[in-house]
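Peer 1: Given chain W's structure and the hints, the job is docking chain D onto it.
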Amino acid sequence: MMETALIAIPLLAAMTAFAWPAERSRRWLLPVTGILHAAFTLALLAARPGSSAAVWFGFDPLARAVLPMVSLLFLVCAAYSATYLDLRNERRNRVFVAALLALLGLLSLALQAQNLGLLWVAAEAATLTTVPLLHFNRTARAFEATWKYLLLGSTGIALSLLGSFCLSYASLYGSGSGDLTFAGLAARGASLSRPWVVAAWVLLLAGYGTKMGLAPMHTWKPDAYGEAPGVVGALMAGGLTTVAFVAVLRVKRVVDAAGEAAMTERTLLTIGLFSMFVAALFLLGTRDFKRMLAYSSIEQMGILSVGAALGTAGLAAALFHVWNNGLAKGALFLSAGNIRRAAGGRTMDEVAGMTWRTPVSTRMFVAGTLAITALPPFGPFFSVVAILRASLEGHHEVIAAVFLGSLLLAFLGLTRLVFAIVDGRPRAGARSLGNKFRETPGIIIPPLVCLALLLWLGLSTPSVLRDSWSAAAQFLAITP
Amino acid sequence: MTDWMNLLIGFAMGLNLLALASSRLPSIIRTAAAQGIVIGTLPLLIEPELRALLLLVAVATVVIKGFVIPALLFRALRAANIDREVQPLMGFTVSLLLGAGASIGAVVLGRLLPMRPEDAQVLLVPGALATVACGFLMLIGRAKAITQVCGYLMLENGIYLFGLLLLGSVPLLVEAGILLDVTVAVFVIGVVMDHIQREFDSLDTRKLTVLRE
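If you're matching them up, the sequences are chains W and D in order. Counting in my numbering, the first sequence runs from 90 upward without gaps. Counting in my numbering, the second sequence runs from 1350 upward without gaps.
With the rest of the complex left out, here is chain W (with noise of 0.2 Å):
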């Protein structure tokens, strides 16, 4: 009953605000929805794990362990929104406030999903949704990048619809049913027909892996993370990320049970190596502030997949990073959304000095870097190391050695960055813009409450927490 509230709730507010008359207040229903979400995440959260026998969706050991970290997300960025769209309020609200709603839901929905197809029908639509949220500033910019997502975004879902098809298909030639739920098709683990799986398993990972925004499908990810507004930046890092990782992961699971899973580990290590590197080194070279938080996403997606092929200890460590991750963006987008608003400008060229301009946003936003660069107290610096235990637990020298030589890489391109725009004497353009930028309350305290939760995350993770990451690894782990 409650997981199905998770879905509705954010649907019929979506509704409710686009049917809304009032323009100035139709923003307020994004923090009631929120409150109310989150309200019921932690209520189910709190409760007993519940069976994952449900034909459709259902709030199974993975979805406990990642849905909640996506509805305190949202509750932040909405109550950002709320002053967002008041400080943006010569653009119309009744689209982007009805898509962030909708959203919402179709994360919930894509999270707990039981079934492949519904899975598959879930990301799509989610993927569409954030269409008109990226195009909010509507700018040409803005609609390049958009057309860029569509395209790629579109193409890698499809690809994901044919391996969808080919795992059915594994399924029906094992004198299966052909039946599409996660359970059904674990159960029958080996009788499917290994070529079929294979076959699965590449396109799956091509499809999602364009969502996660692995390398090298990556390359929608720093346009529209560039172009997209802040909340929406965060939400698109935190949250559709999410839910393409644990699509990777519950295919994982069935792909495992056919007896693959050397297969699948291989790959994930290779792709999420590779992506952590790549990553690395663009975010070396980019100059603008805000494509950098997409590189330093890529490189998060990465440090997910590499948790991912490291067996129990690795996944249970991989889903914290999740919320690690997840929060950082939180807090890196929207205070590099009021850096922006405050500089007029997004790379290390036009922007300087912005301790002056914005010295609380800024502070975050080095306190996010920090963070998001694996630098204790915070809670990535704790997953991190609990994936590098678990590589050298595992006897994998090699890959903890690129692991960590790809972290201090994107440590310094990080670092070079920011501490570029932090630093020094703000540029003219910037200081003729005069005290119009006023850091209030509604923008600072969201993205405040991120670093906090993240700070709490690692230096007190709470034990209901640690549970379901584990219970969710050891649910991915043993096959039925």
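Bear in mind the hints are in silico, worked out from the structure with no lab data behind them. These figures come from a predicted structure and were not determined experimentally. Think of the CB as a built atom: it goes at the ideal place given N, C-alpha and C, for glycine as much as any other residue. Take these hints with a grain of salt, some might be off.
Said to hold, decoys possible - Taking lysine to any residue pairs in the SDA-like style, the calculated list, with each CA pair at most 25 Å apart, reads:
no., chain 1, residue 1, chain 2, residue 2
1, W, Lys237, D, Ser1372
2, W, Lys237, D, Gly1517
3, W, Lys237, W, Gly442
4, W, Lys237, D, Arg1424
5, W, Lys237, W, Val291
6, W, Lys237, D, Val1435
7, W, Lys237, D, Arg1433
8, W, Lys237, D, Leu1356
9, W, Lys237, D, Asp1553
10, W, Lys237, D, Pro1437
11, W, Lys237, W, Leu131
12, W, Lys237, D, Glu1434
Unchecked claim - A short list of chain D residues far from chain W (calculated; beta carbon distances all over 10 Å):
no., residue
13, Met1350
14, Ala1383
15, Ile1386
16, Leu1393
17, Phe1416
18, Val1435
19, Pro1437
20, Val1457
21, Ala1492
22, Gln1497
23, Gly1512
24, Ser1518
Peer 2: Relative to the frame of chain W, chain D by itself:
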């Protein structure tokens, strides 16, 4: 029944090559539409008895892929007032050769993959793979937004062909959801295309080059 099906699938594969060889936008749209109609009628040949939902999906596919989407594309073509020439990034001969090669490869690959005895005689897998490959060629080998959309449609048609193998075992609800998503996708693409046209005064995606590293 199988012969009829194979005939239609072969026809759809021929349309792939026709689309790759076309040098005019309207003929590409018409080819994609014809392909949509051909594959839309296939489910009726596969299932012996007519079920209401099956009929509904078939009719919806034919209407949406054969008429609604092409109409939207023709509207965009008129509204944008773009010139009707296709601008190939990859020459016609090259793309035709690649398309033909992909079709042959698809047949070979289809032979390699294990098939259930009842599916072994049908060309669905080779047809699907060839159509996906040609759609992909169209997507990357042509510069205009409308041709890219047609390429995406062909890609979807190929996946739909593959999905027919699962007809009867996968709930039709899923198929309906997929159809809905595709429709919305093309609709959204159309809206974005409209904005791009207004913003750049062109639908040539080669002009979309501001964002890069």
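Peer 1: Each hint: holds or not?
Peer 2: Tested hints:
Only pairs whose Cα atoms come within 25 Å are accepted, and lysine 237/W paired with serine 1372/D is accepted, the gap being roughly 24 Å. The hinted pair formed by lysine 237/W and glycine 1517/D fails the criterion: a straight-line CA distance of about 36 Å is larger than 25 Å. With a C-alpha separation of about 33 Å, the suggested pairing of lysine 237/W with glycine 442/W is violated against the 25 Å cut-off. Between the alpha carbons of lysine 237/W and arginine 1424/D the distance comes to roughly 22 Å, so the proposed pair stays at or under 25 Å and holds.
Between lysine 237/W and valine 291/W, the direct Cα distance comes to roughly 23 Å. Compliance with the 25 Å bound is thereby established for this hinted pair. Note on lysine 237/W and valine 1435/D: the hinted pairing holds, with a Cα-Cα distance of about 20 Å set against a maximum of 25 Å. Proximity of lysine 237/W to arginine 1433/D is assessed by CA-CA distance (about 23 Å); at most 25 Å being required, the pair is judged to hold. Proposed proximity of lysine 237/W and leucine 1356/D is contradicted: the alpha carbons are some 37 Å apart, above 25 Å.
Proximity of lysine 237/W to aspartate 1553/D is assessed by CA-CA distance (about 13 Å); at most 25 Å being required, the pair is judged to hold. In summary, the hint linking lysine 237/W to proline 1437/D is supported, as the alpha carbons are separated by about 18 Å, within the 25 Å threshold. At roughly 36 Å between alpha-carbon atoms, lysine 237/W and leucine 131/W are farther apart than 25 Å, so this suggested pair is violated. Annotation: proposed proximity of lysine 237/W to glutamate 1434/D holds, straight-line Cα distance about 23 Å (limit 25 Å).
Against chain W, the non-interface label of methionine 1350/D holds: every CB pair exceeds 10 Å, the least being about 19 Å. A cut-off of 10 Å between C-beta atoms confirms that alanine 1383/D is not in contact with chain W; the least separation is 20 Å. With a cut of 10 Å on Cβ distances, isoleucine 1386/D stays outside the contact zone with chain W, its closest approach being about 20 Å. A cut-off of 10 Å between C-beta atoms confirms that leucine 1393/D is not in contact with chain W; the least separation is 20 Å.
Every CB of chain W lies more than 10 Å from the CB of phenylalanine 1416/D, the least distance being 21 Å, so the non-interface label holds. Listed as a non-interface residue, valine 1435/D keeps its Cβ farther than 10 Å from every Cβ of chain W; the least gap is roughly 17 Å. With a least beta-carbon separation of about 17 Å from chain W, proline 1437/D lies farther than 10 Å from that chain, consistent with its non-interface assignment. No beta-carbon of chain W comes within 10 Å of the beta-carbon of valine 1457/D; the shortest separation is about 14 Å.
With a least CB separation of 13 Å from chain W, alanine 1492/D remains clear of the 10 Å interface cut-off, as annotated. Interface exclusion of glutamine 1497/D from chain W breaks down, the closest Cβ pair being 6 Å apart, not more than 10 Å. Non-interface call for glycine 1512/D relative to chain W: violated, since the shortest CB-CB distance, roughly 6 Å, does not exceed 10 Å. Against the 10 Å criterion, serine 1518/D falls within the reach of chain W, whose nearest CB is about 3 Å from its own CB.
Going down the numbered hints, you'll see the structure goes against 2, 3, 8, 11, 22, 23, 24, while the others check out.
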